[in-house]
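Number of protein chains: 2
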Amino acid sequence: MAASTQVCRFYMNGRGTFFRSLQKNYFCFRRKFASKKVAKIVPKNTPKKQLATKKEAEDESSFSRLQEDRRKQAERSVLIACPPNITEMKFLKHLSTHGSIENCFFYESFGIYAVVEFSQTHSIDSMLGATIFPSVQNETAVPFKTRLLSLKASDSVLPKTRPSVPCQKLNPIGTKELILKLSQQDTVDKQLYYLLEQHQLTEENIRLRFLVCSLLKDIAAPYFPECVIRLFGSSVNSFGKLGCDLDLFLDLDSVRGRNTKQTRNQLSLEFQMKSTSSERAATQSILSVIAECVDHFGPGCVGVQKILNARCPLVRFSHQPSGFQCDLTTNNRVALKSSEMLHLYGRMDRRVRAMVLSLRCWAQVHGLTNNFPGAWITNFSLTTMIIFFLQRRSPPLIPPLDQLRELAGPRDECIIEGNDCTFVSDISRVKNLDNTETLDHLLQEFFVFYANFPFNQMSINIRKGKEDYKPDSSPLYIQNPFELSQNVSKNVNPTQLERLVTLCQESAWLLNEGWAKQRASTEPSPWGMGALLLPSLSQSIRNKSKKGRVLQPASERFKNLLAFLKTNKAGGSGAAGNAENQKTASSTTSC
Amino acid sequence: MAASTQVCRFYMNGRGTFFRSLQKNYFCFRRKFASKKVAKIVPKNTPKKQLATKKEAEDESSFSRLQEDRRKQAERSVLIACPPNITEMKFLKHLSTHGSIENCFFYESFGIYAVVEFSQTHSIDSMLGATIFPSVQNETAVPFKTRLLSLKASDSVLPKTRPSVPCQKLNPIGTKELILKLSQQDTVDKQLYYLLEQHQLTEENIRLRFLVCSLLKDIAAPYFPECVIRLFGSSVNSFGKLGCDLDLFLDLDSVRGRNTKQTRNQLSLEFQMKSTSSERAATQSILSVIAECVDHFGPGCVGVQKILNARCPLVRFSHQPSGFQCDLTTNNRVALKSSEMLHLYGRMDRRVRAMVLSLRCWAQVHGLTNNFPGAWITNFSLTTMIIFFLQRRSPPLIPPLDQLRELAGPRDECIIEGNDCTFVSDISRVKNLDNTETLDHLLQEFFVFYANFPFNQMSINIRKGKEDYKPDSSPLYIQNPFELSQNVSKNVNPTQLERLVTLCQESAWLLNEGWAKQRASTEPSPWGMGALLLPSLSQSIRNKSKKGRVLQPASERFKNLLAFLKTNKAGGSGAAGNAENQKTASSTTSC
Chain A
1 MAASTQVCRF YMNGRGTFFR SLQKNYFCFR RKFASKKVAK IVPKNTPKKQ LATKKEAEDE
61 SSFSRLQEDR RKQAERSVLI ACPPNITEMK FLKHLSTHGS IENCFFYESF GIYAVVEFSQ
121 THSIDSMLGA TIFPSVQNET AVPFKTRLLS LKASDSVLPK TRPSVPCQKL NPIGTKELIL
181 KLSQQDTVDK QLYYLLEQHQ LTEENIRLRF LVCSLLKDIA APYFPECVIR LFGSSVNSFG
241 KLGCDLDLFL DLDSVRGRNT KQTRNQLSLE FQMKSTSSER AATQSILSVI AECVDHFGPG
301 CVGVQKILNA RCPLVRFSHQ PSGFQCDLTT NNRVALKSSE MLHLYGRMDR RVRAMVLSLR
361 CWAQVHGLTN NFPGAWITNF SLTTMIIFFL QRRSPPLIPP LDQLRELAGP RDECIIEGND
421 CTFVSDISRV KNLDNTETLD HLLQEFFVFY ANFPFNQMSI NIRKGKEDYK PDSSPLYIQN
481 PFELSQNVSK NVNPTQLERL VTLCQESAWL LNEGWAKQRA STEPSPWGMG ALLLPSLSQS
541 IRNKSKKGRV LQPASERFKN LLAFLKTNKA GGSGAAGNAE NQKTASSTTS C
Chain B
1 MAASTQVCRF YMNGRGTFFR SLQKNYFCFR RKFASKKVAK IVPKNTPKKQ LATKKEAEDE
61 SSFSRLQEDR RKQAERSVLI ACPPNITEMK FLKHLSTHGS IENCFFYESF GIYAVVEFSQ
121 THSIDSMLGA TIFPSVQNET AVPFKTRLLS LKASDSVLPK TRPSVPCQKL NPIGTKELIL
181 KLSQQDTVDK QLYYLLEQHQ LTEENIRLRF LVCSLLKDIA APYFPECVIR LFGSSVNSFG
241 KLGCDLDLFL DLDSVRGRNT KQTRNQLSLE FQMKSTSSER AATQSILSVI AECVDHFGPG
301 CVGVQKILNA RCPLVRFSHQ PSGFQCDLTT NNRVALKSSE MLHLYGRMDR RVRAMVLSLR
361 CWAQVHGLTN NFPGAWITNF SLTTMIIFFL QRRSPPLIPP LDQLRELAGP RDECIIEGND
421 CTFVSDISRV KNLDNTETLD HLLQEFFVFY ANFPFNQMSI NIRKGKEDYK PDSSPLYIQN
481 PFELSQNVSK NVNPTQLERL VTLCQESAWL LNEGWAKQRA STEPSPWGMG ALLLPSLSQS
541 IRNKSKKGRV LQPASERFKN LLAFLKTNKA GGSGAAGNAE NQKTASSTTS C
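Chains as they are written, first to last, in full-length UniProt numbering: chain A, 1 to 591; chain B, 1 to 591.
Looking at chain A on its own, in the form it has when it is part of the complex (with noise of 0.2 angstroms):
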C-alpha cells in the first residue's frame, strides 16, 4: 500500500477564478505543484497581524506555535475518499458550497482520498450537517460521526471512465531506486541532499499526520474536551522519514488545570471522578478505554493492540486511510521536548538534517534500526550518536545543549516532572559557528568517530557536547538530554553495539577506498551513498554474526565486499549479485 501512494495537491487562497462560473458561492483556486525541496512547516494562512512585533515574530517561529498552528489547520480539514472516476472540478465545486477551500490535496491509497482544508472551522460544521449517514448500513453501523467521510456519486454523474486525478507519492522511492539515482550524482554532498529530499516529510505528509492526529482526537476526547493531542517523534522533529510511525500523546495537563482557585467563602465545589492506585493506574485506565473506543468505533482504524503494561504505556493500532502506523500514549512531557531540541538543531545548518536522514536510511537498510521494540538502536538514540558527533567536530558544527539553555530567555523556562528542560526556542538567538566541512567529510568522519569510539568507558552526553566516563556496565551509554540519569540507549545489548561498530567500520573503509567513489559508465556502479546503502554490507556481517563470532575488519570480508561491488551494479537488468542479495532488497522497498 505505502508504495502505491500518491498525492496530488492544490491550493486555493481565494485569488483564482477558474471555478467560479460554476458555483454560487465565492470559491477560488490558485493551482500549484509543491516543491519537494523542504517541507514546508511554517502555514501559509498565517494572518499578517501577528507578526507586529519582534517578539511575536520570534514565537511565529517557535516549535511549540508551528504546532498550534498545524493542530489549527487540522481542525479546519477533513479526510474524503473519493469515487475512483472523480474529477478535480466536480470535486471541488461539491465541496466548496460549505464555504471557500485553503487547500486540497490528493492521494492514493486503497483508493482515492483527497484531504481538504476550509478557511473557516464554520465550514467543517455546514459539511457535517449535509453529511449522511449509508443507508445500506444504517442498522449495523455504529453511528460515530467523524471527519472521515465518502463520497458518493450517482451513476449518470461522474464520467464512466476513471479520470487520472493528478496524485504524487506519500511514500519515498524504494531502496534500488535510491541507489540508482544516488549513484548518478557526482559527489557525496549532492547524494545526501538527495537523499534529504526524497526522504523528508513533505508537506502533504505533514498535513495528513496532523489530520490523523485531529481525528483521533475526535476519537479519544470527547470525555476530555479540553485535552490536546500532540505530535512527537519524528513526525515533527524535522528528521522523519516518509512511511515513519506517528507518535501521538494525550495531553490532559490542560484538563486537569490548576487548583489554584481560592473560595471567599470557604466552600468550594469538587468534581467527584474515579480514583486509581497511582498515575499510572489512571494512565491506563484511560488508554484502555480509548482502546476500545478506537476499536469499536473508530472508522479506518484496525489492529487496535493495548500494551499497557510496558514502561510507558501505549496504544497501538494502524490507520488504514492514512496508511499510518499510530502510537497513543498519555503524559510524555518530556519526548515532546526532546523532539523541539531535535527540531531546533535541525534548523541550525541544512547539514544536520542531511546527515541524520541519510544515517537513519543506512541504519535502517542494514537492520540496525527496528519498529519493533527488542535491542536494536532506536532512531532517537542514532540521531542522538550523531548530534554529539557534529558537537565534537572542531570547530563544531552544532552547539551542546548546555550552550542552549544558556540562551533561553525567561519564557522558555520549562521543568517536567523535576527535570529541567529550558532551551532557547527562538533560533536567531543562537549564533552561526564556523565549521565549513563538506558532507563528504563528515560523513567520512563519522563512521571514523564511531569505528573508534571507546564505548567501553565512556558515555555520549550531548547536554555537555563532551564524553563521560560511562556510571554503569551498559554497552552503550548515551546520557538522556533531559532525564540525566537515565540512559537512552539502554536496551542496546553487545551484539548490537558490535554490528554498529562493525558497520562504521567498514563504512569508513568504502567512502575512503577508490570503490566508494563515482566511475564514469552509462550504468553507475553503486558508490559513496549509494554503496553504503547495499545490503551486502549488512549481510555478510549478519551471517557472521550468528555464528557468533567476533568481528573484526579482516582483509578476508573487504575482499568479498569489493567483488561484490565489482559486479554488482545498480538497477537494470545487468545487475548482477546473488540471489540473497537481491531478496533481501526488494523486500526492503523503502529505507
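Source of the hints: derived by calculation from the structure; they are not laboratory data.
Certain hints may be false.
Identical chains share a label here; the pair holds if one copy fits it or two copies do between them.
Claimed, not checked - Cut-off 25 angstroms, straight-line C-alpha distance, at most; resulting in silico cross-link-like pairs (DMTMM-like, lysine to aspartate or glutamate):
1) Lys464 x Asp426
2) Lys337 x Glu279
3) Lys145 x Asp295
4) Lys217 x Asp125
5) Lys464 x Glu483
6) Lys93 x Glu270
7) Lys152 x Asp253
8) Lys431 x Asp412
9) Lys72 x Glu270
10) Lys176 x Glu513
11) Lys466 x Asp440
12) Lys145 x Asp251
13) Lys217 x Glu108
14) Lys306 x Glu139
15) Lys217 x Asp295
16) Lys306 x Asp295
Just so you know, these numbers come straight off a predicted model, no measurement behind them.
Starting from the known structure of chain A, arrange chain B on it as the hints suggest.
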C-alpha cells in the same frame, strides 16, 4: 443503605425572600414538604404559554411530553455530596451564586446528598466552570467532568456539631412495619391506598431517577451527542415501587436520523463508520464500549457487568450515590411503548395503581417475582394479568387495548419494527366506565379469578380484553400487546405457575375467611392485605414445592395457616411465629 436513605425537600420558585438578604444574585425559596399522596408528574416550571390551545394542553400531559419535561429538569440539575455538618442556609447561599434555584432536596445515602435544580441551564455551566479537581488525587484520577460533585468546606466555616439537615426517606418502610400499619386500617380499601401511598415513587425519587439517567447520558453519550437515554419500566409506568431498578435505553434513532436528503447535483457525502455484521453486533459493540466508560470513567458507578449475550444485550451497574441498580440497553422502543400503555392504564382509575402496587408487593414478599432473571413471573407479566383481570370485570374497569387503539388520533400512530404500537395518548378521550367495585371486592375477585383460570388451555390477551386459546404449550401464555406473536411470560415454568395459582387460592381463602377480617384489639393481628403479606403463606408452599408434590388447597394446610394467624401478631415483642418465619420476614426488608 436503601433503608437509611432519607430525603428533605425545598422548593424555590422565585416568590420567597428568605435568603434575599444573604446574597447578591436573585435567589428566593419557598419551603414546602412534598405531599406523599401522589408522585407529582407535571413539573412545576412548565411555561404557561404552552397551554395556549386545547391541542397543546392535551399534549402537555402526554407520556412523551412528561418524559421530555423531566429530562429537561434533570439537565438543569446536579447531584452534590455534602459535608456531614452542612447547614441548609450555607448550602443554598453558596449554590445560588450560580443562578436561581428551582428546586432542592437532601437525602442520606452513605452521607448527605443534595439534588439541586437550577431555573436555567447556564447556571450548570457557571457552576461547573467554578468547580475544581480534588487536589489530593489530581494525578491518580480520571479527569472526566460530570455533574456529580462534592461540596468541601474548611473547618471554620461550618458548625462543629452536625446539624440535622431535614431528610425524608427515599425508600419504603420494611415489610414488618408495613404489615403492622396495614392491620391498623379498618377496610381493605384503606389498606391498599395506604400501601400505594407508602410504596409509590415520590416526587424526589422520580427527580433523582431522571437525574441519574441524565448523569449517565453524560457518561454514555459523548460519542453520540444527539442521542437520548430514556427511562422505561417501573420508573415511569406509574406502577414503580420505591427501590425498584432503573431501566434505561440508549436511543440512537435521533443520531442516525433519516436518509431522505436529496442532493441536487447527485453527489453526496456520507460518514465512514465502523460496520458490524448485524444490528445486534452493533448494539453489543456500543454497549461494550459504554460499559468500559462507565466502569473506568463514571464516578459513583460500581459493579459494572456486561450482559451482552442476553436476548436483549444490557450493561448492569450500581450507581452508589443514588443507590439505584441500573440496566442500560439499546433499541428498546417497544418496551418504552409498553411503559406508556401501563402509564395510561394507571391514570384511568385510582384503583388500578392501588391494585398493581399491592399485588406487586404481595408477589415480591412471596418470591413470585425476583430481581434476577429466571423462571419467575416478571412484574410486567403480573401487571398485564392484573390489567386483564380489570378488563374482564362486568362492567369493565378499564378498556381493552384495541379500544385505546381505536381512540388514537393521527399523531398517536406508531409502528415499531413492523409492530402496530398505536394507541391514544390523550386520556381525556377515554370515557369512564361504570365499574364501582371496591378494592376489597376486586382483590378478592382477582385471587378467585386466577385461582380458577384455565391456564392449561387459554392465554391472556389484553389487546382484546378476553382470553384466547393458547398457540403453544407454554405453562403461562400472556400475549405481548405489541409484538403479537410473542409470549411475555415464556420464561415461566410449571412450578412457578403452580406457586402462583396456589398463592391465589390461599389468598382468596384468607380474604374470604373471618381470620382475614380486622379484630378489635390494642395490638392488631395481621388481617386483610396485612395477612396476605405474611411470609408464612409462601413458606408452607415453598416447603411443599421442594418435595415435588402437586399442591391442592387442603384442609391440613389451611389448619396450619389458621394456627399461624391465631398466634402471629404483626410487629411488637409479642409477635409469635417460628424462627424460620422471622428470618424470612427480616430478610425481606421492603417489598
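Each hint tested on the structure:
1. Only within a single protomer do lysine 464 and aspartate 426 lie at most 25 angstroms apart by alpha-carbon distance; the minimum there is 20 angstroms, versus 83 angstroms between protomers.
2. For a Cα distance limit of 25 angstroms, the shortest separation of lysine 337 from glutamate 279 inside one copy, 21 angstroms, qualifies, whereas the shortest one across copies, 46 angstroms, does not.
3. Taking the shortest alpha-carbon separations for lysine 145 and aspartate 295, both the intra-copy value of 15 angstroms and the inter-copy value of 24 angstroms come in at or below 25 angstroms.
4. For the homomeric pair lysine 217 and aspartate 125, the shortest alpha-carbon distances inside one copy (16 angstroms) and between copies (23 angstroms) are both at most 25 angstroms.
5. Proximity of lysine 464 and glutamate 483 under a CA criterion of 25 angstroms is satisfied intra-copy only: 14 angstroms inside one chain copy versus 78 angstroms between copies.
6. In this assembly of identical chains, the alpha carbons of lysine 93 and glutamate 270 lie at most 25 angstroms apart only when taken from different copies (17 angstroms versus 50 angstroms within one copy).
7. Taking the closest pair of Cα atoms, lysine 152 and aspartate 253 come within 25 angstroms of each other only across two copies (23 angstroms); inside a single copy the shortest separation is 40 angstroms, beyond that limit.
8. For the identical chains of this complex, lysine 431 and aspartate 412 are intra-copy neighbours only, at 18 angstroms inside a copy versus 79 angstroms across copies, given an alpha-carbon limit of 25 angstroms.
9. For the homomeric pair lysine 72 and glutamate 270, the shortest alpha-carbon distance between copies (24 angstroms) is at most 25 angstroms, but the shortest distance inside one copy (31 angstroms) is not.
10. For the homomeric pair lysine 176 and glutamate 513, the shortest alpha-carbon distance inside one copy (22 angstroms) is at most 25 angstroms, but the shortest distance between copies (102 angstroms) is not.
11. Proximity of lysine 466 to aspartate 440 under the C-alpha cut-off of 25 angstroms is restricted to the intra-copy arrangement: shortest distance 23 angstroms within a copy versus 99 angstroms between copies.
12. Taking the closest pair of Cα atoms, lysine 145 and aspartate 251 come within 25 angstroms of each other both inside a single copy (23 angstroms) and across two copies (16 angstroms).
13. When the C-alpha separation of lysine 217 and glutamate 108 is checked against a cutoff of 25 angstroms, the pair qualifies only within one copy, where the shortest distance is 24 angstroms, while the shortest distance between copies is 40 angstroms.
14. Taking CA atoms no more than 25 angstroms apart as the test, lysine 306 paired with glutamate 139 passes between copies only; the shortest distance there is 21 angstroms, against 28 angstroms inside one copy.
15. For the homomeric pair lysine 217 and aspartate 295, the shortest alpha-carbon distances inside one copy (14 angstroms) and between copies (21 angstroms) are both at most 25 angstroms.
16. For the identical chains of this complex, lysine 306 and aspartate 295 are neighbours both inside a copy (10 angstroms) and across copies (17 angstroms), given an alpha-carbon limit of 25 angstroms.
No hint from the list above goes unmet by this structure.
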